[in-house]
Amino acid sequence: MQITVTVNYAVYTREVEPRLLLIHFLRDELGLTGSHWGCDTSNCGACVVWMDELPVKSCTVLAAMADGRRVLTVEGLERNGQLDPVQEGFAHCHGLQCGFCTPGMMLTARWLLDHHPDPTQAQIREALSGQVCRCTGYENIVRSVQWAAQHHGDDGRGGHRSESGGVE
Amino acid sequence: MSAPVPNGAYGPVPRKEDARFIRGRGMFVDDLQLPGMLYGAILRSPLPHARITAIDTVAAEAHPRVEAVFTGQDLAALGLAWMPTISQDAQAVLATDKVRFQGQEVAFVVAQDRYSARDALELIHVEYEPLPVVADAERALDAGAPVIRDDLPGKADNHIFDWEAGDRVATDAVFAAADVVVSQDMLYPRSHPAPLETCGMVADMDPVSGRLTLWSTSQAPHAHRTIYALVAGLPEHKIRVVSPDIGGGFGNKAPIYPGYVCAIVGAMKTGRPVKWVEDRSENLMSTTFARDYHMRGEIAATADGRVLGLRATVLADHGAFNATAQPTKYPAGFFHIFTGSYDLQAAHCQVTAVYTNKAPGGVAYSCSFRITEAVYLVERMMDILARELGMDPAELRMKNLLQPEQFPYTTPSGWEYDSGDYPRALTLAMDIAGYGELRREQAEKRERGEYMGIGISFFTEGVGAGPRAHMDILGLGMADGASLRVHPTGTAVLGVSCQTQGQGHETTFAQIVAGELGLSPDDIEVVHGDTDRTPFGLGTYGSRSTPVSGAAAAMVARKVRERARIVAAAMLEVSPDDLEWAGGKWRVRGDPDKAKGIAEIAMAAHSTLELPAEVEGHLDADFVYNPPNLTFPFGAYICVTDVDPGTGQVAVRRFIAVDDCGVQINPMIVEGQVHGGLADGVGMALMQVIAFDADGNCLGGSFMDYLLPTSVECPSWELGHTVTPSPHHPIGAKGIGESATVGSPPAVVNSVMDALAPLGVVHADMPLTPANVWSAIQGRHMRTDLALT
Chain P
1 MQITVTVNYA VYTREVEPRL LLIHFLRDEL GLTGSHWGCD TSNCGACVVW
51 MDELPVKSCT VLAAMADGRR VLTVEGLERN GQLDPVQEGF AHCHGLQCGF
101 CTPGMMLTAR WLLDHHPDPT QAQIREALSG QVCRCTGYEN IVRSVQWAAQ
151 HHGDDGRGGH RSESGGVE
Chain U
169 MSAPVPNGAY GPVPRKEDAR FIRGRGMFVD DLQLPGMLYG AILRSPLPHA
219 RITAIDTVAA EAHPRVEAVF TGQDLAALGL AWMPTISQDA QAVLATDKVR
269 FQGQEVAFVV AQDRYSARDA LELIHVEYEP LPVVADAERA LDAGAPVIRD
319 DLPGKADNHI FDWEAGDRVA TDAVFAAADV VVSQDMLYPR SHPAPLETCG
369 MVADMDPVSG RLTLWSTSQA PHAHRTIYAL VAGLPEHKIR VVSPDIGGGF
419 GNKAPIYPGY VCAIVGAMKT GRPVKWVEDR SENLMSTTFA RDYHMRGEIA
469 ATADGRVLGL RATVLADHGA FNATAQPTKY PAGFFHIFTG SYDLQAAHCQ
519 VTAVYTNKAP GGVAYSCSFR ITEAVYLVER MMDILARELG MDPAELRMKN
569 LLQPEQFPYT TPSGWEYDSG DYPRALTLAM DIAGYGELRR EQAEKRERGE
619 YMGIGISFFT EGVGAGPRAH MDILGLGMAD GASLRVHPTG TAVLGVSCQT
669 QGQGHETTFA QIVAGELGLS PDDIEVVHGD TDRTPFGLGT YGSRSTPVSG
719 AAAAMVARKV RERARIVAAA MLEVSPDDLE WAGGKWRVRG DPDKAKGIAE
769 IAMAAHSTLE LPAEVEGHLD ADFVYNPPNL TFPFGAYICV TDVDPGTGQV
819 AVRRFIAVDD CGVQINPMIV EGQVHGGLAD GVGMALMQVI AFDADGNCLG
869 GSFMDYLLPT SVECPSWELG HTVTPSPHHP IGAKGIGESA TVGSPPAVVN
919 SVMDALAPLG VVHADMPLTP ANVWSAIQGR HMRTDLALT
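Protein chains in written order, with my numbering: chain P, 1 to 168; chain U, 169 to 957.
Everything labelled a hint here was simulated from the structure, so no lab data went into it. What you are looking at is a predicted structure, and each value in this text was computed from that prediction instead of being measured. Take the hints with a grain of salt, since some may be wrong.
Pair by pair, the computed Cβ-Cβ distance ranges are [unchecked claim]:
id, chain 1, residue 1, chain 2, residue 2, range
1, P, E53, U, E290, 30 to 40 Å
2, P, P117, U, V376, 54 to 64 Å
3, U, L202, P, G68, 52 to 62 Å
4, U, P180, P, H151, 13 to 23 Å
All residues carry an ideal CB built from backbone N, CA and C; glycine is no exception.
Build the full structure now, drawing on both the sequences and the hints.
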């Protein structure tokens, strides 16, 4: 079947098997390998991307379900050579070690900050609770999101997605 | 208290690695796409013990997108149906005679895409004749137990080895004279490292040159290359193993797995690159597990709380093949460090290992070769003794901890601890926790019928294996090389044999070299994980990167520095003896204005400058570091829990961790390593277990069943540290990778048992799930490793 998906602001039309998972579409068909596959069962969140307004676990979404939708992956967080504050926060606060869970964590964090610009630690932990990190013990991920919240939007960075109706 | 920092190079500098990862531009094995690449998939046994009577692959071979199918018989024709394990046992690559655990590899399919490879697995028909199963290690040696390893000549039981350490007679004498003896059976259940990236490989054979390139999730690329050469008879210089970015290892990626061998055979058979990446269930059900130690601890003490002796009796479940990773001399790893951090007179341990119908492996999961189990045993026994004596567990520990003046200290089982100040670390942890206030709060809560626990553990790690005269893996001595090339313009490339899986070597190793040479870490590129570009060494596991490769990095930099001295002397027209290394430069003694830095010297070393006849020119050097001893990090942990007696739910409210890993190169990274290990420990203590039912079915085969801690189960960690440099390590560092995984589980369990003390609960095994805790409150012991019907 043929699908047309807007991924990171670019439109892709591809012939795919109806059973193809979105994560494999992104990684194997489009070569966007920043999103990772980790568990098959929606538990780990290494595959989190945005579909329209919401973070989804792309290992349990069919590529066909993304037809006509907008997808945002880690590769789309940086705009015009400018890192998202979430990306800066993760590097600044040592919020990553092996880097495998990081893309999914950052996309969920971006969603959280778009909806709760000044989250409490409990809100951050709750928002990230559907995702697993095996390296950091979460402490520095929480600090990274807090850092991003504090460095949010002063110069127009961050928060640019939901305000403009999701992915442009 | 702090050691001097060379040239300001040490400190919490941001990681070089992060720039690619935050942009999604890492390169993990499954990210690799090669032209014409095929995909492999493994057919696995649904049964834990069964004879294979027939395999029919005709339908799978007829699948239009399948390129190759092979079974154990096909591999047998190549001499590859079996491979040696790290423990010098044999493990089936693909089963030929029978399957011995659920999830064992039976056939391999190579197809044009991932999904077709999986489809074709469904088309393979295997006939199994089920056999009786050994699921319970405690029944493995029963008379009449089914013999799992009938492939081994003359094997008539499931016994692997008996091993002992310490002094049995002296220990018996100490126990006989003691006022108090307490004992406890305890299980350290089977766990799994479960890195978020599963294991995989892309194998590519160039049919013209005979070059075999293996992109692989390997913590030990050089050792893997040698083993491939030995097993497959391939010339070692034609093999290149590349470990690209690795999505977490924790020991899981130290061994060689059947899937790797299958990918290699697939590439050689088809003449095209073959990618094999296991799925999560395959990772959990077939790759190396950790622990599975059934232990009995006995501790002897005087009535006033002076610990005299310790005994440990262990039944070790090694699964269907003995594939534990440990230095050859030590079949039970470093378990015999089990006397821990205490000054006692005598100790003895006895370990018996058995085969069961479970996945092979063992040791892996940030455990420092079984020190995790050893620390758990002694720290549980200290708490149980404290309760028996009516003493505060902190007071009992303080009374028995080794004192600073006792170092270097030789333990009753023969370890020589290098350095430590244990009372200072425990005192600091108690200060951070506000220990006295916590006990007052607990007393008030007990009055109100609330169950709050305070658990302590004190651990001594032993890392950086190891002295090559005593420690080897499959005959390969555990020394590691480093190479340092200094370019004419004064930038440098360090090659190391270890392999980062998130530990930040690209940053910290650059800091080490920068500190030795007076360069900026930004001017040093660290190359690792590629056997073509790095010197030989045994890789990253057992927290050995900083203790071994970090030492090699410092020593090779010092070698370069000494070469630079001769060049600097020629530049300054003085004798090398007239120079001193100060402020990151070679400086003329008594004339500080006459000095040359490494960058200037490097250009001169490559120039036409006339050098003494014995000097070759250039500054490049190689070094192999053979550790004189292990290093011994230590720490004091305190865990505060609240337990709901109605549901058995445990909440970790606070966790205080004071670590001493000697000199810290990058405290930010040290802190991150501790954070991660603490989460691992909470996971093992409260939720992670690979259990089996009585029929040998694995009950932890997905993340829906094998529960990992998330951000809401983990508290905000409270850290502290002390610095006691290792006296024998070139920069005084000790290693930190596994300390928290080793030290934290007993703190959690001690805390929960402390909470339940008013209910008379002395011990329950990990994981302390609500059902398990609730059973303990009802006075019932639950086997957490078996679902018995």
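Provide an ascending list of the numbers of those earlier hints which the structure does not satisfy. 3
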